[in-house]
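From first to last, the protein sequence lines are chains S and E. Taking numbering that gives the first Met the number 0, I'd label the letters of the first sequence as residues 0 to 268. Taking numbering that gives the first Met the number 0, I'd label the letters of the second sequence as residues 0 to 268.
Mixed in with the good hints there might be a few duds.
[Claimed, not checked] Covered stretches of chain E, as calculated for chain S (at least 3 residues, CB under 8 Å): (1) 19-33; (2) 50-62; (3) 135-142.
[What the hints assert, rightly or not] Footprint (simulated), chain S over chain E, 3 or more residues, beta carbon under 8 Å: (4) 0-11; (5) 100-108.
Keep in mind that the hints were calculated from the coordinates and are not lab data. Cβ coordinates follow ideal geometry from the N, Cα and C atoms, glycine included.
Protein chains: 2
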Amino acid sequence: MSHPFDAAIALTPCGDGVFDGATHAGYANMVGPFGGITASTLLHAVWLHSQRLGEPLALTVNFAGPVVEGPFRVTARALRTNRSTQHWHIELEQGGELAAGASAVFGLRRDTWTATEIAPPPLARGTPVPVKGLSPRVAWPQRYDMQFVKGGWPDFDNPQAEPADSHSELWIRDHPPRPMDALALAAICDAFYPRIFRRRQRFTPAGTMTLSTYFHADAAALAAQGTRAVLGRARAQHFGGGYFDQTAEVWGDGGRLLAVSHQLVYFKE
Amino acid sequence: MSHPFDAAIALTPCGDGVFDGATHAGYANMVGPFGGITASTLLHAVWLHSQRLGEPLALTVNFAGPVVEGPFRVTARALRTNRSTQHWHIELEQGGELAAGASAVFGLRRDTWTATEIAPPPLARGTPVPVKGLSPRVAWPQRYDMQFVKGGWPDFDNPQAEPADSHSELWIRDHPPRPMDALALAAICDAFYPRIFRRRQRFTPAGTMTLSTYFHADAAALAAQGTRAVLGRARAQHFGGGYFDQTAEVWGDGGRLLAVSHQLVYFKE
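Isolated chain S, as found in the complex (with noise of 0.2 Å):
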């Protein structure tokens, strides 16, 4: 039986770069899926692509409308290959309308010289922290065992004081376990919920406009890590005008940086 995660991303190829996928509800979100599994799915697409090379070094994701549920098109198309690095465009139909858009860029890596600028949290033991006050239908939470050291779910029906800063941190990991990989990594990397939920206390409706995430570690990093938590981290930069910015790292075993992710998001109050 296969993980749901991988239910979730998969994809049956129908020739030129063309697939078909459909939803799953336990993905869903408050509207359509949960954003990591759409950015994951357009990820896995490149991935079953006979024309790929090497691994993912970046994706960015623009959800241009809601995904309903139900079957969709996923069209990945190499734009351009060059010796070691490779760019994609890659989009999500339903109805023949555009849901989701995307670009990627895949390449080799070389050993080279390697430092780490950002430090990783402190290493502490986190608990966890209920969803309360969303909707049932949003069930994609549960497909994460989600251990908050800071900046938990807020609890929209008692309210904390707005805290000063938006920051979470927590380590996480698939629920029930599946092995550490790039798609998994591009799915937790969109896992840390609206920084707007945590800064006001309250609901707001809120939704990732685009989502980039660039991968630091390699294929053989990532299954070094097998099904062990990673360790997360969240803030927001700014709010205003309807939107705002939020930027995650996911930390590995070591201290190792295993992505970095960045996403501007719209709310409404």
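Use these hints to put chain E onto chain S, whose structure you have.
The following block gives chain E in isolation, referenced to the frame of chain S:
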């Protein structure tokens, strides 16, 4: 006489979202044009498009291959228009081959709760730092007045000890001065030289593969900045495997965050 920036991003509409442009020697980089001028040119195509809704919110440019000196063609296509946001796909072609692809999110801004979580760099006087040891064809740094507070251009002929971080802080504006707008801002977001130059204090081939910019200021706020210099900060997060990512912030008068930008860069050494 038009400003060199406006001459460099100039596009001639050919109908149906197609525009003709050409490289400008004043913004030449090591190979092809300065990435920031390419980013602005792609954004300009949407700006000029008759179907444009609102202002730029986000721009991702994928540098797929070298842009060579001479004419190019830009095609901008609205993928989806919602009530208050719009998603675009843009391509820059030369000789029938894709040189750069981009996605842009445009939209309307509304008055909402606002907060900036990150702090601007301390205000301090900067000093000009000459560009040395790069090919004489690299003209674009002369199109900016850059006053460095820290982390100025390394002198490849007289390298300093490797610093512990890659941070730069500088005052920057177009040279000659030009009123700020989203087009100028998109270019400035890429005007922070590759962080590997600073960390290693020696020249290494490096090039941006993908660049994402989030615009936090509306047209009125940008216009209010006038021709005064903005304060920029750039820093890398992780180097390894032949790639690194760097992040930039651009701050305007009164500590107002105008934009943040992220990019993934290849390097060879």
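Going back to the hint list, which numbers does this structure go against?
1, 3, 4
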